[in-house]
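Visitor: These are the residues of each chain, in order.
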Amino acid sequence: MDEEAMMTRSIRFIGCAAAAALLLIWTPPAPAATVTWSFQQVDDGGNPEHDVLAMSIGTGAKWPAVFYKAAHESLVAASLSPAGWLPSCLDSSSYTYWARSEAGQDGRVGVAWVSPVNGVRNIQFAQSTSPGWPTSTVASFSGAVAGLDVAYLSGNRPVVAFTDDNVNVMKVGVYGAGAWDIESAGPGYAVSVAVDGGDNIGLAYCSAYSDELYLAMKEPGGGMWDISAPIAECSWPSPAPSLAFNAGDEPGIAFFTDWRALDFTSFDVQSGQWQSGSIASDVASTRVNLVYNSLGHAAVAYVGTDQQVHYRINDGGGWADIILPSGTDPVTGLPITPSPYTPAVLAFDCNDLPVIAYYRQGYGVVLAYDPVVTPEPASLVLLMAAGVVALGPRRWNPNHRTRPDAPPVDAGPRRLKPVARCSRATGHDHLV
Amino acid sequence: MPGRKKRTVAVRLRPGALGACVAMGLLALAAARQARAGFPSRIVDTGTDPTAKPDVAFGDADEVRVAFRHGPQGKLKLARVLCTDVSLSTLYDVGTPGFTPSLAVDTLGFPSVVHRSLGGPGPGLYYTLDGGELFGLSTVEIDGADAGMLPVYALDSVDRPYVALVKPDRIPRVSFFDIKAGHWVTEPIPAAAPVNSGERNIALGVNNQDHPVVAYHDMDDDVVVATLTAGGWSRRAHSVVGSPPADGISLAFDSVDAPHVAYASSNGLDVLRFNILSVTTQTAVSGIPVTIGPHAMAIDEANRIRIAYVNDADQSLHLATSDFGWVTTQLDAGIIGPTPSLALDAQGRWAVACHDDTNGRVKLIGQTSLLGKPADFDCDGDVDGDDYLFFESCATGPGLSQNGPACLVADFDADDDVDQEDFGVFQHCHRGAGVPSDPNCAD
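If you're matching them up, the sequences are chains W and E in order.
Reminder that position 177 of the first sequence reads as 177 in this note's numbering, one-by-one numbering, no gaps.
Reminder that position 9 of the second sequence reads as 9 in this note's numbering, one-by-one numbering, no gaps.
Treat each hint with caution, since some may be false.
As the list claims (entries may be wrong) - Just the calculated beta-carbon pair ranges, DEER-fashion:
(1) E:Leu137 / W:Ser210: 47 to 57 Å
(2) W:Gly317 / E:Val241: 57 to 67 Å
(3) E:Asn440 / W:Asp352: 49 to 59 Å
(4) E:Asp146 / W:Val117: 42 to 52 Å
(5) W:Gln307 / E:Thr51: 33 to 43 Å
(6) E:Gly348 / W:Ala247: 27 to 37 Å
(7) E:Leu137 / W:Gln307: 55 to 65 Å
What the hints assert, rightly or not - Looking from chain E toward chain W, a few residues come up when the C-beta cut is under 8 Å (computed):
(8) Thr107
(9) Val140
(10) Pro161
Bear in mind the hints are in silico, worked out from the structure with no lab data behind them.
Glycine included, C-beta positions come from ideal geometry on N, C-alpha and C.
Isolated chain W, as found in the complex (with noise of 0.2 Å):
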């Protein structure tokens, strides 16, 4: 490294440090920030049917899809864009049941879902690919369905679980060459199912022999399912398990031990143990979904016995517990107090925002999303006093490539890249 870099270096690492003890000197009191949620009413007709409530993130990982019951009973797919909540018909029977969804990696949302007719159980799954919704039937069997999740291989191949309680067994389908290819994956209900990015399948649920939680994964390409030891004990009757493996394909499972009590347990590599802990004990919804941001956060939503919504979230301290306003949103007016037992669905953007979904007391569905979070117009102040004394040795840099006088045609080759997802340095969804 020549003298004039080194030297550039010197300041730079100067200046960053001046302002890191700017910051330390200058902290503020109190918490420096005003954080409000974003209500959005999805559709004021939805009908809070037992579980019929999923949600993801397809383009850009930035535009929420919701899936409902609307007031009409029929499944409803609403995507938000500019032009507003969109909405699709998926199913107009009245007696579907069991939605749950997932983005692919191309910004596609796909969801699957239980439509009986006349007696006959159907595994169902649409995805929002041209022409527009196509549904294709996983499996069909007379008798009842016990767990229905979804997931997304690489290159966009859905992937369903379920069980066929006629004979207790967890059936897993994968999407390929045009048709389902269904396996069995031993017996068991209440099934979970999420991918890892090495493509690993894993399966998350209650063994129907002794009723005890364990994960069971497959590499692609086939072969047997590695079972893991129990883990917990299963709770009878509660709501299903939810499977998911954070950015270290490190799996993560949220799982009722009663009723109403919420644990979470994840897999220490280091000790080869599992670690559990409470979430919460005042679960009043019907489902969760365990979601992992970006930062290997662990979170879930949920209406509570309080007829609140609680957001969750686990930053390794803890979970703490974060109470959507209700009553009326004083922004939009909307009545935003969730209907009691109902599920509330919870999903990350690319900002690491957390969006909430869920049914509104008096029906309608309603999409909370937690906005940026505003500094003080104080701590903004030393932020920007902080930014300036970092950056400023920059513009002194005699190495940087781009000289101020340089022509177009000397730029060089350098290009930057188009962000595929929105950068979380810059998100910005409010203007100044």
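Starting from the structure of chain W, add chain E where the hints point.
Guide: Frame of chain W, contents of chain E only:
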């Protein structure tokens, strides 16, 4: 019976006694088109008026989209142009719609247009999405905006829409869709001075870091570049006193995200590059008055700048390219409307949409890799019997109008019929099956 008549015309024109005449005609035709480059064109629609102001964007693969106003029909229309086909759809036909459409195509391949409407549900600025069979056709009014002046529209990498506009108070504004609130919001851009008069003095783009950037010419004769980041708007201004923009401004970004602003003045076409500390100026065209539209400029991965402009002196359409110096190419002899629109695809291929004011047509001009070679109607690389059959199906004879949109491509001399002259051009291009055709055969 029209079909029989067409066949008769075709047979009569086989080489023979009229051969010399045809050759003379071809020579004359070639001389008339000598000034044009050998780029193929498509007639997108006919019967239009100068309010069409077409805007172009690339869709999936080799698909080009063109949005325009069909004034006489009172519709906002969208064309899907492929090498082999032009198909049209109506996006909006309520009231007096579709003024100054601005087009973008999202990551799912769905086109959307921001446009003004002067009647129907009320004058205002509207967003119309053609969501295909997935979402259908939807139109919403953009909150806080009004019919105002020329809206310019762009999408970021996750399909968030931004619209720059100027209201009658001449304060520049940006409309965006607030996903968290689920509605459009319009907010002013902090500005030192109002936007200068002239409908085309504002442009908008999204840079490679996903920041919306607005360029405009203000009353202080500054060209201003305003960028929205997480910290708010930043603003840079460059004085252009002495050679102020007169007829249009356009914005694009190079590989290091430096904003380039092209502006048309009474003396030509200049391009400002906003460097880190300074601004450099290049002159792309000098000595003639030109006009451009807000989507007139694009920069490819090799940092070549392309600008579509109209020479005000004769209203001819040109393409200026910076490739080791500026090179200008005439694309159409005119008379062309003042806001040609240019788009580049990921492979660096360009397409220019414009309005032919003389003939009342929306035209698309592009490279042969996009629109095919002349007379190669099926775009298979040769001009053979299959292409002859197509020509035959379009032939009308002299003076008989051929209004079928698909057949406009066979009207080589753009005189509304497909006749002997056009057949002469076809013969000139005909090489037979499997023989690569000549891209300049129609010149």
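Visitor: Could you work out which earlier hints the structure fails to respect and list their numbers in ascending sequence?
Guide: 5, 7
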